[in-house]
Each structure stands twice: as C-alpha cells, then as structure tokens.
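S.K.: What follows is the residue order along each chain.
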Amino acid sequence: DIQMTQSPSSLSASVGDRVTITCRASQTIINYLNWYQQKPGKAPKLLIYAASSLQSGVPSRFSGSGSGTDFTLTISGLQSEDFATYFCQQSYNTPRTFGQGTKLEIK
Amino acid sequence: QVQLQESGPGLVKPSGTLSLTCAVSGGSVSTTHWWTWVRQPPGKGLEWIGQIHYSGTTNYNPSLKSRVTMLVDKSKNQFSLKLSSVTVADTAMYYCARGEDDSAYWFFDLWGRGTLVTVSS
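Top to bottom, those sequences are chains A and B.
So the mapping is simple: our numbering equals the position in the first sequence, first residue as 1, plus 110.
So the mapping is simple: our numbering equals the position in the second sequence, first residue as 1, plus 59.
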C-alpha cells in the first residue's frame, strides 16, 4: 500500500493568513493526489483533484501543487469557514489511501 | 442533484456481520462511477474499504478483503456493504461515496452523510 504522510498534524493560524499543508507519498504517485476538507460531524468535501485542479464551486483561495511524492495544499487568505481538518488521498492505485489529516485551528 | 444516503443498524455484536446500504437518489447507480465505502473510527483518519461498479466488478482493501462483500442492486438503485466477523476495531462512521474521474484522475466527489456503527455486546 502507498503510505501518505501529512505535516503538520495540526496548525494554528489567524483569519487572513496564508497556510500550507504538506503531503508526502511513500512512492511516486505522479499527480494522482486529491485534497479533502472535513468539518466536525460532516462528510469530507473534495477541494482539489489531480494535485492542482480545483473542484467546481471551491473558492480560488485554495490551491494545490506538487508531483512525484511531494504535494502541498495552500489556502491564501484564511476565512473563518476554513478551520477544519484536511486530508490528502492518492488515486494512483488501489487500495486508495489517505493521509492522517491536518487539523487547522484558529489562533 | 444526486444524493447518497446510508442506512443500517447502528449497533452490531462482536463476531456478527455489519450490513449497510447506500441509496442513490436523483441519479442512477448504473453509470461509469465507482460506488465506494470509506470508514472513519472516532477521532481518527479515513480508511478506504472498497468500491463496486454497477457491472458488479469490485475492488476491496486487502486488509479487509476476507471479510467484505459489496453488491449493487440496480432495481432499487442502491449498493451495499457487508463486513463479517466484526470486532470493536470496526466501530466507525461509515460513508458511502461516489468515485468520479476526469481524464482518468479518480476522486470522491459526492459523499453520504455517514452512519455510525458501534460494535458492542
């Protein structure tokens, strides 16, 4: 199985900040990498697919980059509704695997 | 607008079988999508259980493969999950999701609200 490792596990930031979350795969996944946002008690929501493609309806302050084994999710100009947990997920092969999550909290 | 809704018992006894159904509304289960189950133990991360195509083709997580069965019921427009020989470690929120692709890039673009299954005697 491909192991996905996110860093940091938690992050404190303020409204208006720019934050970056990193995801590393245990082997190359080219750019088969997705990002999800999950709020407490809710299902995950797709933000980014194919490493950098913004899902329809997702604000443009979210962006993704990377290829091979190293990927980043950047949120430019944090809004209050962005405080949540973020997961990366590889779709290079099965079993699909997720990172352990990064909890973004208000400073 | 396509929606997914999980249903099933919220409590299962150890060594029993967990059975869940995901109803697809506003669209058909007979599409090119891969219908997927993902679970999340309380306070933990996400685990892909497996997926099924309306043709009946399945892919299961090897860690669960010996205990998992997924089926599609086209007449009822739903798909299902059975997990046998459950233990407390199977306690989790279970989500059904839709696997979609854009030029062979696969992702989960639609999720049910989830259903909590507790394994306890």
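Bear in mind the hints are in silico, worked out from the structure with no lab data behind them.
Values in this document were obtained by computation on a predicted structure and should not be read as measured data.
One or more hints might be untrue.
Stated by the list, open to error - Subject to a maximum C-alpha distance of 27 Å in a straight line, what follows is the list of computed BS3-like cross-link-like pairs (lysine-lysine): (1) A:K155 x A:K213; (2) A:K152 x A:K213; (3) A:K149 x B:K103; (4) A:K149 x B:K133; (5) A:K149 x A:K217; (6) B:K124 x B:K103; (7) B:K72 x B:K141; (8) B:K72 x B:K103; (9) A:K217 x B:K141; (10) A:K217 x B:K72; (11) A:K155 x B:K72; (12) B:K103 x A:K213; (13) B:K133 x B:K103; (14) A:K217 x B:K124; (15) A:K149 x B:K135.
To be verified - Examples of chain A residues toward chain B, derived with CB under 8 Å: (16) A153; (17) L156; (18) Y159; (19) A160; (20) S162; (21) F193; (22) R206.
As the list claims (entries may be wrong) - Sample of chain B residues facing chain A (criterion: CB under 8 Å; computed from the structure): (23) G75; (24) W107; (25) Y154; (26) W170; (27) R172.
Just so you know, even glycine gets a beta-carbon here, dropped at the ideal spot from N, CA and C.
S.K.: Of the hints stated earlier, which fail here?
M.R.: Of the numbered hints, 4, 9, 10, 11, 13, 14, 15, 20, 21, 23 do not hold.
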